[in-house]
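Its first residue numbered 38, the sequence shown is counted upward by one per residue in the working numbering.
Treat the hints with care, since some could be wrong.
[Claimed, not checked] Simulated restraints on C-beta separations:
1) 222 with 290: 41 to 51 Å
2) 86 with 151: 42 to 52 Å
3) 113 with 248: 31 to 41 Å
4) 276 with 209: 16 to 26 Å
5) 151 with 83: 22 to 32 Å
6) 231 with 170: 14 to 24 Å
Hints were generated in silico from the structure; no laboratory data involved.
Where is the CB? At the ideal position from N, CA and C, for every residue including glycine.
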Amino acid sequence: MIKNKALLIFSVSTTLFCINSFAEESAETNKWDGWLSGEGAYADGSSFGDFNSFIPLTQDDSGLSYLNILAEADEDFAEGQAGYGYRQIINDDWAVGGYGFLGKKRTEFNNDFYQLNFGAEIISFDWDFRFNFYIPIGDKEKEVSRNATTNQIRKEFAYHGADLEVGYRLPIWDEADDSQMRIYGGSYYFDADGAEHIAGGRVRLEYDIANIVSSIPGSSITLGAEYQHDNVNKETNVLTAAFTVPFDFFRSNKQSQYNSLSPLEKRINRIRSRRVNVTTHVETDPLTTAEPAPPVVIPPPPPPLPDGDGIGE
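Generate the whole structure from the sequences, applying the supplied hints.
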């Protein structure tokens, strides 16, 4: 638990250092601002929290590069990722992007796994199309326990795989409104040598209220509900609530341009990255035993000598 808290503290400290370095130096002409977000989640009887930060690095009138730092933890596990991405508006209606992350997960069994994640996205104000693939690096399999009595061994595996997701804005409010609701649906497939594959789908609903604090343009509250099902984990239900604060909140010279952006431009730096996802699973297998040794052959005793000394009389 202490190590899990340390991960969150490290992530927050790193981001605050970046804010201190860039906030006051940001040019007043910058179109897009960075932000910090804290999220609480409840999933099937357990709760956890995450921290998410979006830090613009370079930008012009139609695109930006950024650093994204994420961390998530509860009493049993901790995960973190740091990544670089780029988003570019290609016309009045669409933008494209790509990103890469390095992630680490410490599981409830105190095993550490590492992963590379690469993804691509196509974004409009109404639609999201996103594809990710995941590559574990380093040790992909670690022993959890073994039981000689039952002749079993438990191993934890890091999975490689991919997922895709499509999102749509429900036309409940006008484009210019601060409140918006979106629905997302997708599927995923993960596999590992020596372990059962994981295949399933998910659907989630996201309700976002921008400018939740009128004096802080770009602040928001995001509520979410998610359902997923696969062949291994069966059903999972998640409820989330997140609060986002822009970097402009920390500046003495306020310079936010959020309210002057077009609906698509507002999405370029407002899309929250998915929660951290280093996929692991524990399998129980029979212990492998060595080949039996060949039987030891004991030669029969020599036949008894005949009566007498064996010498003719």
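Problem - Numbers of the earlier hints that this structure fails to satisfy, in rising order - result: 2
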